[in-house]
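Position chain B against the provided structure of chain A, taking the given hints into account.
2 protein chains.
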Amino acid sequence: MANNFTFYSPTEIVFGRGTHTQAAEYIRKYGGSRVLVVYGSERVVKSGLLEQVVAPMRQAGLVCHLLGGVVPNPHLGKVYEGIEIGKREGIDFLLAVGGGSVIDTAKAIAYGLAEPDRDVWELFDGKRAAKACLPLASVLTIAAAGSESSNSAVITNEKTGQKRPYDDNLARPKFAVMNPELTLTLPDYQTQSGCADIMMHTMERYFTGSGNMELTDALAEALLRTVMTNARILHEDPANYDARAEVMWAGSLAHNDLTGCGNGGGDFATHMLEHEMGGMFDVTHGAGLAAIWPSWARYVCASAMPRFVRYAVNVMGVTPGADDAETAEKGIRAMEDFYRSIGMPTNMRELGIAPTDDQLHAMAASCASACGGSKGSARLLYEADMYNIYKMAL
Amino acid sequence: MANNFTFYSPTEIVFGRGTHTQAAEYIRKYGGSRVLVVYGSERVVKSGLLEQVVAPMRQAGLVCHLLGGVVPNPHLGKVYEGIEIGKREGIDFLLAVGGGSVIDTAKAIAYGLAEPDRDVWELFDGKRAAKACLPLASVLTIAAAGSESSNSAVITNEKTGQKRPYDDNLARPKFAVMNPELTLTLPDYQTQSGCADIMMHTMERYFTGSGNMELTDALAEALLRTVMTNARILHEDPANYDARAEVMWAGSLAHNDLTGCGNGGGDFATHMLEHEMGGMFDVTHGAGLAAIWPSWARYVCASAMPRFVRYAVNVMGVTPGADDAETAEKGIRAMEDFYRSIGMPTNMRELGIAPTDDQLHAMAASCASACGGSKGSARLLYEADMYNIYKMAL
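Protein chains in written order, with this note's numbering: chain A, 1 to 394; chain B, 1 to 394.
One chain only, chain A, in its complex shape (with noise of 0.2 Å):
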């Protein structure tokens, strides 16, 4: 059943060899001359990579100016840190030169500077609605998250531990350039959390209970064979550009909502679960995706039989078992041994964390007010429910 839909991916994708020398271009192309280039760790100066990106766009008349220092799980104060530099600076478009955190702390600063007068965390905590937004683009070098073409940002409020979405389509990047070599050299935990993660965008529009469409299920069902099948190609080979390739597209495609058109608007309890995790404990989220995932699918399973049971055969290939829930059954265990073929955890204890009692129900109670109570489309969950699945996952 095809539930209506509104479908906004504007992101022109700039894709390839060599492309990562293009940003100044495309930046003139949107309307952008006082840039704040927005990077991570120093990995991406040592290796000469921002200069690579931000010579051409000098040589272009484009005023730069630099911002480093963005973690995982990306924290609340750098966002302020960006903003005040933009204000000083007079920053008209925003430039991401990293991955997933990189790019949402851009979005974060693109927001504090299109409304100066608010405080941005507001968005994040709920509080109100986006109005405006400064022009965004990333240059990426690690595909996990999507948010090079997605409106997502999630950020983390380092002051009380809550790690909170905001999603708006003002904030959708006005380019990405995506050159797949400059994640060839990504270590093989990270390369394999993004797998993760960009499985788990198309896996949080599959498992619904609101109906799906035919297509979008048939497009879902493709990527994650493409995904899995270079992950492990990945796994051997990490210097392996065409797969790098694969899997840099796929992280978009997973998350610009391609995957759950029709779908009444997806699931996503998975992810709301793992930010606690990643509140608390600084797990790498797409790894954090997979240690809970499992439990998820168990718990939430026969509310949504029928998915679990069309994913076990179309995407994980299991011969059918003698009743639907043992088809589901074979389903999550083939999940669980594609996700340590590729050195990914499928609990707590594999991921390397051992929460007591009282931080499981704090992460529940976490997890149940950033959702306003309850989250979910295979099965609604609520506090309780939430605490359950963090005790099985450990």
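Where chains are identical, the list cannot tell them apart; a pair therefore holds if satisfied intra-copy or between any two copies.
Once the Cα atoms are required to be at most 27 Å apart in a straight line, the calculated DSSO-like pairs of lysine-lysine come out as: (1) K29 with K127; (2) K29 with K131; (3) K87 with K159; (4) K131 with K87; (5) K127 with K159; (6) K159 with K391; (7) K87 with K127; (8) K330 with K391.
Rather than coming from a laboratory, the hints here were simulated on the basis of the structure.
Chain B only, in chain A's frame:
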């Protein structure tokens, strides 16, 4: 092997039941105030659809002028008529209510109004590139051309018989209202011609000699299988909303470039061959494509054998033959069987036209001229090749 690519599909999709009354709010959002509403036959007037679209626009304070009478293989004369109205009335936004011919006419009018001192035919005749285009959008009534989110327009110069495409991102529509309900009463021949056109937009991108991405292939194959399934459903049950929805959404994704990312540009010789048939005989575009494709496929097959083998197995589901050539031929035959099963022709006789040998030569000469001498990626075709394919297709 992944070729570098750019991807840009900014059109906002508004999809589902009842959405056709929402055009007004989206025109406002995209800055329109004086709108030329373009449509085709009087069917959209008599059915009440035009009034349902335009009444909310007038209520929203938009100035609306109407231009009807667009025909299939739309004429340059109607474009000029629209440009004159647009100049006189100060039009700043074009809304097409119809299918590909109506949208393409609106695109051409939008080009003409943005550069009012130049002859718009120069774009289609390859004399110059556009520098500007007025904003435009559509309320889609036929799933076929994909023009609602593509950068393409095809116009026929009725005085010379030339049917010519012009592709430019300037003409990407701002939004597309896609209500599958509007297609429930389409005659079967038009429905199936639409399905043939949709499939061909992806097949043109699939059959290449210059490399392909695995993800793009997987998405393309998923889309093609979905269209085939739903074309068969609609042949038996034309009022099936879900099947109409699948086909309508596939029509956009088949031609917004998603299914060509990384393929080096696609083939598109079949489209150019058909344009001459459409220019000379005024055949339905999708049926014309079906009539010429099997001959094109057999003519170029040896030059792109791995693609034809993959298509045969992954899309048509045939069991591989003794060698690649046999597998490819089984795939082409399966495609002909599919065309026949939905009432589509597989050659010109079945299409209902019988060009003379002189006409075949004239079509080949005109096609080669329109292509700047040659066309194709699976195999590069020259005028003699085009003649051979036309002759095979009699």
